[in-house]
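Chains as they are written, first to last, in numbering that gives the first Met the number 0: chain A, 0 to 392; chain B, 0 to 328.
Don't read these hints as lab results, they were simulated from the structure.
To give an idea of the interface, some chain A residues facing chain B are shown, with a C-beta separation under 7 angstroms as derived from the structure:
id : residue
1  : E30
2  : K33
3  : P45
4  : L56
5  : I60
6  : K282
7  : T315
8  : L322
9  : I329
10 : G338
11 : T340
12 : Y341
The model shown is predicted, which means the values in this text are computed figures rather than measured ones.
Heads up, the beta-carbon is just placed ideally off N, CA and C, and yes, glycines get one too.
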Amino acid sequence: MIIYKKEWLNNKYIIDLLKPDYTAGRITKEEFIKINAAHPVGFYMPGLMVRVGLFILTLIITIVATSLLSLMAFISVPMGSPGWPIFLGVICYALLEFLTKGKHYFHSGVDNALLYFSAGLFGGGFIWVIIDAHITTSDNLLVAMVIALLCIYLTLRFSDIITAAVACVALFACVYFFWAMMGKFGLATMPFVMMITAACTYFGFNHLGKNAKSLYYADCVAIVKLISLLILYAAGNYFAVNRLNNMLNSLDDSHTAIPFGFIFWIWTIVVPIVYIWFGLKRKNTMLLRTGMVLVVATVATFRVYYHLLPIEIMLTLAGIIILAGAYTIIRYLKIPRHGFTYAEPEEANTTDSLNLEGLAIGQATSHLPPAAQAPISRFGGGSGGGGGSSGDF
Amino acid sequence: MDNDIYKKLHSEGYLGDDSYKQLSQKHLTQLFSVHWELKTLLYLGVMLLSGGLGILIYKNIYTIGHQAVLAFIALISIGCFIYCFKKKLKFSWGKVKAPNTGFDYILLLGSISMVTFVGYLQYQYQVFGLNYGMATFIPMLALFFIAYYFDHLGILSMAIASLALWMGVSVTPKTLLAYGTFNSEQIIFTYVAFGLILLTFSYLTQRFNIKNHFKFTYQHYGVHVTFIALLAGYFEYYNTSASLIWMLPFFALATYIYVDAYRERSFYFILLTILYGYFALACLITRGLYNVMEYDAIYPLLLCFIASAIGLIFLLININKNLKRDDHI
Numbered sequence: 000m001i002i003y004k005k006e007w008l009n010n011k012y013i014i015d016l017l018k019p020d021y022t023a024g025r026i027t028k029e030e031f032i033k034i035n036a037a038h039p040v041g042f043y044m045p046g047l048m049v050r051v052g053l054f055i056l057t058l059i060i061t062i063v064a065t066s067l068l069s070l071m072a073f074i075s076v077p078m079g080s081p082g083w084p085i086f087l088g089v090i091c092y093a094l095l096e097f098l099t100k101g102k103h104y105f106h107s108g109v110d111n112a113l114l115y116f117s118a119g120l121f122g123g124g125f126i127w128v129i130i131d132a133h134i135t136t137s138d139n140l141l142v143a144m145v146i147a148l149l150c151i152y153l154t155l156r157f158s159d160i161i162t163a164a165v166a167c168v169a170l171f172a173c174v175y176f177f178w179a180m181m182g183k184f185g186l187a188t189m190p191f192v193m194m195i196t197a198a199c200t201y202f203g204f205n206h207l208g209k210n211a212k213s214l215y216y217a218d219c220v221a222i223v224k225l226i227s228l229l230i231l232y233a234a235g236n237y238f239a240v241n242r243l244n245n246m247l248n249s250l251d252d253s254h255t256a257i258p259f260g261f262i263f264w265i266w267t268i269v270v271p272i273v274y275i276w277f278g279l280k281r282k283n284t285m286l287l288r289t290g291m292v293l294v295v296a297t298v299a300t301f302r303v304y305y306h307l308l309p310i311e312i313m314l315t316l317a318g319i320i321i322l323a324g325a326y327t328i329i330r331y332l333k334i335p336r337h338g339f340t341y342a343e344p345e346e347a348n349t350t351d352s353l354n355l356e357g358l359a360i361g362q363a364t365s366h367l368p369p370a371a372q373a374p375i376s377r378f379g380g381g382s383g384g385g386g387g388s389s390g391d392f
Numbered sequence: 000m001d002n003d004i005y006k007k008l009h010s011e012g013y014l015g016d017d018s019y020k021q022l023s024q025k026h027l028t029q030l031f032s033v034h035w036e037l038k039t040l041l042y043l044g045v046m047l048l049s050g051g052l053g054i055l056i057y058k059n060i061y062t063i064g065h066q067a068v069l070a071f072i073a074l075i076s077i078g079c080f081i082y083c084f085k086k087k088l089k090f091s092w093g094k095v096k097a098p099n100t101g102f103d104y105i106l107l108l109g110s111i112s113m114v115t116f117v118g119y120l121q122y123q124y125q126v127f128g129l130n131y132g133m134a135t136f137i138p139m140l141a142l143f144f145i146a147y148y149f150d151h152l153g154i155l156s157m158a159i160a161s162l163a164l165w166m167g168v169s170v171t172p173k174t175l176l177a178y179g180t181f182n183s184e185q186i187i188f189t190y191v192a193f194g195l196i197l198l199t200f201s202y203l204t205q206r207f208n209i210k211n212h213f214k215f216t217y218q219h220y221g222v223h224v225t226f227i228a229l230l231a232g233y234f235e236y237y238n239t240s241a242s243l244i245w246m247l248p249f250f251a252l253a254t255y256i257y258v259d260a261y262r263e264r265s266f267y268f269i270l271l272t273i274l275y276g277y278f279a280l281a282c283l284i285t286r287g288l289y290n291v292m293e294y295d296a297i298y299p300l301l302l303c304f305i306a307s308a309i310g311l312i313f314l315l316i317n318i319n320k321n322l323k324r325d326d327h328i
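Construct the complete structure from the given sequences, taking the supplied hints into account.
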């Protein structure tokens, strides 16, 4: 299903896995070079700046080219068929397939731009078809389903996080619209259905992420997990439920009471704490950070309904408490305790140029016949002492 | 899953016994870093506290009195600077590391409160009278001094912004501040000059090796300001043929930045020049074709855009191949 060469994806995973180990000094330079040479990755993966440039330029080209084609096609006939965007989408998609398959582009900017552009054209075309069909009862559900199917296909094929995120949101929308069709009962139980769906998605993908088969989709699995965590919270957030309730029953926003309100208050307050707790317990960055962001959401929700303190007093007090708390924890973690540390994460070091090109040169020269012994030692000496370098990193 | 990979690499002989042992016990010994989380909390705390205090003072200004507020701000600023002078490492023309995590934040707080103090003084008591140039010049000098003395990139950015303010203010002080309108011709020339000053700084920084790591900041602001000011000049005089004169320095500068960035292997600036240059070229082509063909120009124009963008993509890919190094900004 996936378009990329699986062997290279495996190799890329291995290299990415070992890079932090190399910078942290757990493996030696020779081992890393050897592994690097034995696991070639043939994708075209330029650096960030080039990717940005290629993305912008490709987007310009596709926009100008599609408008040129449209202009030429509709100079005499008036615009008016959903087949046209789909046709343009097919052209874009064909080009995308050719570039990724033939030229081995791997999220290099060009293919990203083509992917999003063709997805947009396909999606727009299908929505156009649905609107033209004048189905009034399940319009939204159908649109969400089409988008979900389209993005699931693209995600499976190109392992792209943005299409994965769109697919995930569209699927949640499907569940929402489907359950809303149940009428009064559906609307009343909506928050709980969404909670259950989000929780199932999170645990399902958490399980899937541990499976070796999902290795090619690690980033996609992560983004789906993040979105389901957020939806799990939002489904029970008092503010969200209240506003949705008002909207669906066409009440104005002065109504602040909802049936079983206390359940949602408990949910609003407890969920972020649970996230942070499990984040710390499992040492899971995603849970911890999501929890921290959601605490802010909870405080904001609380303030919409209850004004305990004037805003300036609250800000000042919160500032003092947070500063004092953070300072205490930093002092406490000066020496690592319970497996936590305040030191910068070691992955940060890999952004400093880990010069693989230089390593490859070192690798190539080390195969030279013994006559070239002298220059080799000079190579090694240049980049940090050859064999004894493991401690330096 | 990861452990399986380690095991496989070990059995294939790529990993030595020592390394394998370390790797397989990694999850036992590895520490969980909460560095960024705590830093974010610190930052949030400072923001909330200063915001809260700001509103508190604003609401109670008549009971507290301006002098008390001024004294308070001055006290914060002085306190911060005393701390920084005590803690700082030895000055050097190279890069100097901050002695601890809090240092940069405290220096920033001191600088911001100093600027606030001067601004407050001018706003409330008109210390500098109508001499707005002086009112912005003094903080600017102080900021540049602090940036160099304590080696702080954030304060360098603040100093550059106040340089822009000072230049803008001293060119058209009254109209700018009193009516909010300004003579755009004069402003464009000022900002071209401002951008060129920054680019000169960036050149000198590298040439004489004075705080070499400041070069990026100077060049970053300089490139954007100069390119945008030159393009603005071009459009200001669009209806006269004099507008084409603006394009000469534009492309001269683009060539210079491009060559410099290529030598420095800085992809950020290569990309900037390419994108700005592409925009300028597109404007020129549009103008030329429109003059020749009027409204029929649309087809060749669109084709031109496509062809040139494809050309640029190949150029970028090619440069990337030639530089062949981990790109950095």
